[in-house]
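Chains as they are written, first to last, in my numbering: chain Z, 777 to 1100; chain L, 0 to 201; chain H, 227 to 423.
All the given hints hold, so there is nothing to weed out.
Selected chain Z positions facing chain H (in silico; Cβ < 10 angstroms):
(1) W872
(2) V876
(3) V908
Sample of chain H residues facing chain L (criterion: CB under 10 angstroms; computed from the structure):
(4) L249
(5) P253
(6) T254
(7) A256
(8) P296
(9) V306
(10) M311
(11) V328
(12) P329
(13) N334
(14) M400
(15) L405
(16) I408
(17) L412
(18) G420
Derived from the structure by calculation, the hints contain no laboratory data.
The beta-carbon is built from N, C-alpha and C at its ideal position, and this holds for glycine as well.
Listed below, chain by chain, are the residues.
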Amino acid sequence: MKSKLIVNVSPHLHKDESVSKIMWMVVISLIPAGVAGVLIFGLDALWVILLGIVSALITEWIIQLLTKRRVTILDGSAFLTGLLLAYNLPAKVPFWLPVVGSFFAIAIGKQVFGGLGQNIFNPALVGRVFLVASWPKYMTTFTPPQNFDAITSATPLAIIKEGRILEKISYLNLFFGNRGGCIGEVCIFALVLGALFLFIRGYISWHIPITYTVVVGLFTYIFGQKGLFTPPLRAGAGFGGDWLLHILSGGLILGAFFMATDYVTSPLTRCGQIIFGIGCGLITAIIRLWGGYPEGVSYAILMMNAATPIIDRYTKNRIYGTKI
Amino acid sequence: MNVAQFLTIFISAVFLYNVILSRFLGLCSFVAISKETKPAMAMSLAVMFVTTMSSIITWFIYRFLLIPFGLTYLRTISFILVIATFVQFVEMVIRKISPPLYRFFGIYLPLITVNCAVLGVAVLNVDMFFINGRAITGSFYYSVFQGICVGLGYALAMLLMSGIRERLDLCNVPKSVKEFPLAFIIASIMSLSFMGFNGFKF
Amino acid sequence: MKNLFKEFLKGIIRENPTFVLVLGLCPTLAVSTSVINGIGMGIAATFVLLGSNVIVALIKNIIPARIRIPCFIVVIATFVTITEMTMKAYSPALNRALGIYVPLIVVNCIVLGRAEAYAQKQTVLNSLFDGLGMGVGFTLALILISGIREALGSGKILGYTLVQKFEPAFVLGMPSGALLVIGLLLGFFNILKGRRE
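Okay, chain Z solo, but in the shape it has when bound (with noise of 0.2 angstroms):
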């Protein structure tokens, strides 16, 4: 046996794990989901996909040789922005919105900041509130599923805002995605299937999404009846929302285990992100109850994005020995 004696300081461990990598396998873990898209709302979804990522990719391009960084557009990380964008569009947009749209998750809410790992805010959530401020028009706009019997194209929770009651929509219904919506957050299935993926080969922990589903449940569970604070008070008022519903419908899955877990905007201690989910999920289920838009998982995640800074620095692991 050959001596492999090598003399070393420490650290001695490796891991063959990179950015670049990691970010290819949410890639991968993302896929089910984009198919599942395609397959419920046809081939519209795939060009929608298509055009988010390829002008990401060229954004992050053109942007990287005018302020003469190193172009990276091969490290997953655009390529992952434009994904996930298009996965919050509908399906039936104009060319130009995922265009737009990517162009501006890119340049505002990524290169602006000094490019990968140092944006504050999540760069695909900033283009889809971006979106939805601008043409409203278009991004709520739903077509009906296709391949299966088409029930309505409205969203789940706009039917519950308006006051309108669900017909004809079982929680298996929601589970597989046979609802109106936004491409990749329908199949709660295929969407399952990516997250264990990523838990398996521990990409993602399980502290910020489960807090996050759980404090949505759990609130909307507790405060979804209505008529809680209107007076009289009566015993026992409140209890008995429709707490599956609000997990399974709407981007909360998506949001919770893909985009929430993000690495580079979310914070970086056990107890910090525990903070960050139960926040998420507070500011979701506030939105979806009381607010006036329908869907609330973009606005609590960026707005959790900024407080990032704010939990890290007081949820700081303490070394041996200091005050902090």
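Got chain Z; can you put chains L and H on it based on the hints?
Just chains L and H now, kept in the frame of chain Z:
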């Protein structure tokens, strides 16, 4: 006067019509002092105190001095004078009573005189809670509460912004957007995300 | 004469209150949703600047140094009140559009800043031209910002449609759009400055 009204004032003053991010009041101090968390917090506390107190004082002046004598056109001039005097007075008192406290936020007090947020909340109170020259029911409580909430909104924006900017100090930000431009772009994204509370109804 | 002209010009480019000194941003961002509002605000602020600069330069030798700031504020507030009442009488629509930002000219840092930094040390004529230059610079900046916001945010300028079939981005008419435009413009001017140096 009911709970729902107070909650609506809270949400709209802190998030929806945040003094800084939506009404743009106190923007100068926001951009200038939000580089580090500590001074940002001192400034926010000072602003909160002054907005609350000036809401109380200006309400009494408007209700018992300007309206009865038909002098409402002197609103701007009287408010700013009273606020300036009050701030000066507080500064003197703090300097006398507690030098450490003075060192903590005394230097920010003179700045507050010309902070639009303080005059802004006084004018807003008058616009919102007096109809046709008469105080609506609960007007005083609403005014004071709005003063507190505007201060809270200021503090929230300050806290978030200073945290973000402290972190950005370690980042390799493009030279052309360093400092002011980036601060505005971050504020813009924060403002976008606070729009999630649009149409809040309790 | 040449000297006075220089005093006038410096407020427009070299010491532009908005883009170079970064002062008085509250009204700049709040009322710049349309060009007409921007012009209205610009004229109102210019009038106040002119008036306060001239009066401060006139009375600079009378007022004690220690209470000069309150004195300046009273002078400024007087002009603001005049502006507010005039606007209410002759253009109620504009007054309503500008809302609380008219009384807030009192605390506009440009006005107090010029009184403190310039008018109290200079002659009346110099102060007059300085105020005029600063006012025009402020108005031009407002027109630039509101022009961008109105064109992209509603597809129109002064009520005329620019390009058919253009889908305006509503966000530019909102507060976050204002912050974005000023941020990008400041960045843009920084790049220009970097080129020149």
